[in-house]
Amino acid sequence: MDFDDAYANAAYIPGAAAYPERWRQNAAEFRDWLLSAGQAELDITYGQSTRSRLDLFLPDKAPRGLLIFVHGGYWLKFDKSYWSHLAAGPLHHGWAVAMPSYDLCPEVTIAQITRQIVQAIICAAGRVDGGLVLSGHSAGGHLVARMLAPGMLPNAVMQRVQRVVPISPVADLRPLLQTAMNAQFGMDAAQAAAESPVLQQAPKLPVTVWVGAEERPVFLDQARWLVEAWQADPERPDLEQTDVGHVVSPGQHHFNVIEDMAHARSALTTALFA
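When we follow my numbering, the leftmost residue of the sequence shown carries the number 1, and every step to the right adds one.
Any given hint could be a false lead.
[What the hints assert, rightly or not] Calculated pairs, EDC-like style, for lysine to aspartate or glutamate (alpha carbon to alpha carbon, straight line, at most 20 Å):
1. K77 <-> D60
2. K61 <-> D32
3. K77 <-> D5
4. K204 <-> E228
5. K77 <-> E107
6. K77 <-> D4
7. K77 <-> D43
8. K61 <-> D129
9. K77 <-> E259
10. K204 <-> D243
11. K61 <-> E41
12. K77 <-> E21
No lab work stands behind these hints, which were simulated from the structure alone.
Let's have the full structure, built from the sequences with the hints guiding it.
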């Protein structure tokens, strides 16, 4: 297998180059609208680096809880400013939304990014009462899945997590050792295994793994591997287990699979708060 080609998303999406600018514009317009309504707090500091900032978007009444959405980009690109518009669906349902930026490889390691997201979640959770839902796309799907590793989040925060929805997650990092990207990740086999959610203990709370039906085959595999790794074992009813949902969304690829989050009645938004 040519692993670089297998994990190349943009090369197989028509008009891929136009997506980031469209995301950026839609996000900026949505942020401006929320700012004018007094429903946005921007660039909240959660850590020491310049990128350790998050945006918090609030519904027009007391929040029912908090969704924390972590962006993707192979731990190499993007920041929170591209995704603000995706908060529209959750806000309609009365949920606050936090979106963090984080440092990028190769300036930091993926393991260090994981620890940054822990700090971002702690910070955001301290600002909004109620339940927590964690979701993220691609590399962000990996990062929110890592939050379910035992001891990753403080107990007081973990007890508030109601559901996790990794979208098109990279759940097994070991294949990335065979890509040119690993020159920037700097992972060895042990580090890739340590950061792979498929190898961590299955969580005891509801998880829905979401992926587009038109994604690259390896992303369909990655989603399936996570479901299989975390699925309840029917032969062990003595264990405290939770079934893991697996949604393959028709007609969607790696770039547009997240866009339904902006729509209040979409299947994806519904899954966040099921």
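Against the structure, the hints come out as follows:
1. K77 <-> D60: 32 Å, violated
2. K61 <-> D32: 19 Å, holds
3. K77 <-> D5: Cα-Cα ~19 Å, so holds.
4. K204 <-> E228: Between K204 and E228 the Cα gap is close to 15 Å, so the pair holds against 20 Å.
5. K77 <-> E107: Given that 20 Å is the threshold and the Cα spacing comes to 12 Å, the pair holds.
6. K77 <-> D4: 17 Å, holds
7. K77 <-> D43: Cα-Cα ~18 Å, so holds.
8. K61 <-> D129: 13 Å, holds
9. K77 <-> E259: Status holds; Cα separation ~18 Å.
10. K204 <-> D243: Holds. K204 to D243 sits at ~9 Å (cutoff 20 Å).
11. K61 <-> E41: 15 Å, holds
12. K77 <-> E21: Holds, at roughly 13 Å.
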